[in-house]
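For the record, the sequence lines run as chains Z and G.
The opening residue of the first sequence carries number 1 in the working numbering; numbering runs sequentially from there.
The opening residue of the second sequence carries number 1001 in the working numbering; numbering runs sequentially from there.
It should be emphasised that the hints constitute simulated quantities derived from the structure, not laboratory data.
Computed from a predicted model, the values in this text were never measured in an experiment.
Glycine is no exception: its CB is placed at the ideal position from the N, C-alpha and C atoms.
A couple of the hints might just be wrong.
Claimed, not checked - Some, not all, of what chain G presents toward chain Z, calculated at C-beta under 8 Å:
| id | residue |
| --- | --- |
| 1 | R1053 |
| 2 | Q1056 |
| 3 | S1060 |
| 4 | L1061 |
| 5 | L1100 |
| 6 | V1117 |
| 7 | Q1122 |
| 8 | G1213 |
| 9 | N1265 |
| 10 | D1283 |
| 11 | S1290 |
Number of protein chains: 2
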Amino acid sequence: MKNKRTSIKDIAKALDVSITTISFVLNGKGEERKISKEVIKKIEDYVEEVNYRPNQVAQSLRTGKSKILVFMVEDIGNIFFAKIGRIIEDIAYKKGYKVLFASTDNDDIRSRELINVFHERQVDGFIIVPSPGIKKDIAQLMASDIPVVLCDRYFEDLDTNYVMLDNYGAAKEGTQHLIDNGYQNIAFINIETEQNQMVERAEGYKDTVEAAGLPVNIVAIPFSETHSEKGKNILRKVLAGTDSKIDSVLFSTNYLTQNCLELINEISPSLKHELGIITFDDDPFFKINSPSISSIAQPLQAIGEECMNIMFKLLKDKDRKNSETTKITLDAHLIERDSTQKKKHSF
Amino acid sequence: MKNKRTSIKDIAKALDVSITTISFVLNGKGEERKISKEVIKKIEDYVEEVNYRPNQVAQSLRTGKSKILVFMVEDIGNIFFAKIGRIIEDIAYKKGYKVLFASTDNDDIRSRELINVFHERQVDGFIIVPSPGIKKDIAQLMASDIPVVLCDRYFEDLDTNYVMLDNYGAAKEGTQHLIDNGYQNIAFINIETEQNQMVERAEGYKDTVEAAGLPVNIVAIPFSETHSEKGKNILRKVLAGTDSKIDSVLFSTNYLTQNCLELINEISPSLKHELGIITFDDDPFFKINSPSISSIAQPLQAIGEECMNIMFKLLKDKDRKNSETTKITLDAHLIERDSTQKKKHSF
DNA sequence: ATTGTTAAGTAAAACGTTTTATCTATTTTG
DNA sequence: CAAAATAGATAAAACGTTTTACTTAACAAT
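With the hints as constraints, model all of the structure from the sequences given.
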């Protein structure tokens, strides 16, 4: 009943030709291996006729190549990663690669386990948004001569291929935009982390306000508290402004924006019209919100494309171990909307 | 240099034990096959020591099982699918399965190609959000005795496992909510499609307004025009209300909501405060928007869980061909917000 | 003393490919 | 005309497992 798929052996039997010959023909080595035109034709026709497709698992076992790439992110349910994932997927498919997605939750243990699992599965390459503590594992992975591209983050003292946003520059630009529009007391709302992309955003902010002679006000919310009452209280205090009254905020990531906006709404509906607001990561609804919300948009398409450019380069390169790593830094795109147009007086 | 991974053969050599014995021990068949305690211990210790991990590709080839599931959706960059994907991924990993994601763009050709590709790769099961015209391919896939669960949509006349929203009921509930709040002229904004989930939503809407003696007004925007000027014009006309003035809208899916809200904003900023608005698929920003937007939220967690319940049942079931299909219909969750609180007069 | 049983283990086939080495005719070359 | 080269193909090993069928030794039963 369970009709087994046709294998190369079945074809060999049917055409009275050796397995080897068929394999050569299928892999386009017919000419090279001096297989006669007639035999080539015969095989190709038959393959077409029975719609034979080689068993990829067997191919993988033999060649050690799987034609599978893996995209390891913090959370594939986060729209930022999901969008990049889609872009990567599309590019990969065009070249015959499939993409496994995996969410690490930014957890080192989970990341490590995933790397091992995929390594066992003989995936051909890794695109990784690394969790903070897996530098060693990344190094090991690279040492085992498998293509690795880091995305969104990197490690200062590890020579890897990566594709990053110019986080420092982007934060600078966003902050300067607030300053240019007359804001004088800007808070930078961040999550508590040592991930370099966040650190750089904080630096960009800090250097810019300092250069303008304005006060530095960095608020770090623990990752675990972004949805909790405790986190809300931290924000409440900032907005209440014990020392000096804040007139604007820069959110460092889309985790925070949503929750903080919600909170701002909760504290005082008029506040969101008075406060200058700009955030990293754009969202379609920012345009619709009132006020529409300014953002520092990441070039998702470019991020995905660059990751795949590097990946394909690595996949082709026979001795990639000896070739230089590629490091790409991309510019963000500042989207100016109503939330950063300083109003002379609140209403 | 390129230190090959240790294989079962290496262990055999190192311990002077046969390959077979090791395989039995590794697969927990040591007792059953009467391997002595000492040998079992010796093998287990060594395996631990050298951190041996079996080559999964070889396992797959031999057993025909890959421990990979595939989740085929319309677009993994769409937050609705991305969220479900994340839930499925988490459940899968707990049982040692990995998940391949694939976006079909709702295109039949692409869907068909993907199904074939994954079939070749010997994935163990499919969770599919089917494009409109691949009923036959789904049937074929099921005939080849591989677990298939449809998600979000199904085919009327094909006996499959599926997990669906009660689209009819959900649309009914949403529509009734508008009626209860005093709206009298409700438009249903849909994409032009024959996908059953959309048809059912339209029916739910239609039956409800008709039962209340209110006019039926179904607007179908071609899929390709959701972002175009042409699509906008269709909407403009509806909102202008040539025949009768519309006082509220029900959006059938999250593709539309964003664009239409944008357009409503564009046409007249005050309109969004006057119009009753409710939409399928919740979004975090609906809560923050002013007015906050009512929605018919899908139970993402439950959808993911039910898909996986069925999948695991199928994976276990030896003769699933003869067992009954499982059909699950889930209820939506109506979230009432400001956008459906009828205002006595516009402002 | 033969037969049967069990304990403890192994050899070898199989999964479906790719690839290396080899083979036989035929043709070319010196 | 013998040696060398080439055309056209194939056998068999290899990838790393799982699994079937077998072996051997020890012991028990008749």
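Hint check results:
1. R1053: Where the cut-off is 8 Å and the nearest Cβ of chain Z is about 5 Å from G/R1053, the hint holds.
2. Q1056: holds (5 Å)
3. S1060: Holds - the Cβ of G/S1060 comes within 8 Å of chain Z, reaching about 5 Å at its closest.
4. L1061: holds (5 Å)
5. L1100: holds (5 Å)
6. V1117: holds (7 Å)
7. Q1122: holds (5 Å)
8. G1213: violated (33 Å)
9. N1265: holds (6 Å)
10. D1283: holds (7 Å)
11. S1290: holds (6 Å)
In this structure, only the earlier hint numbered 8 is contradicted, and the remaining ones agree with it.
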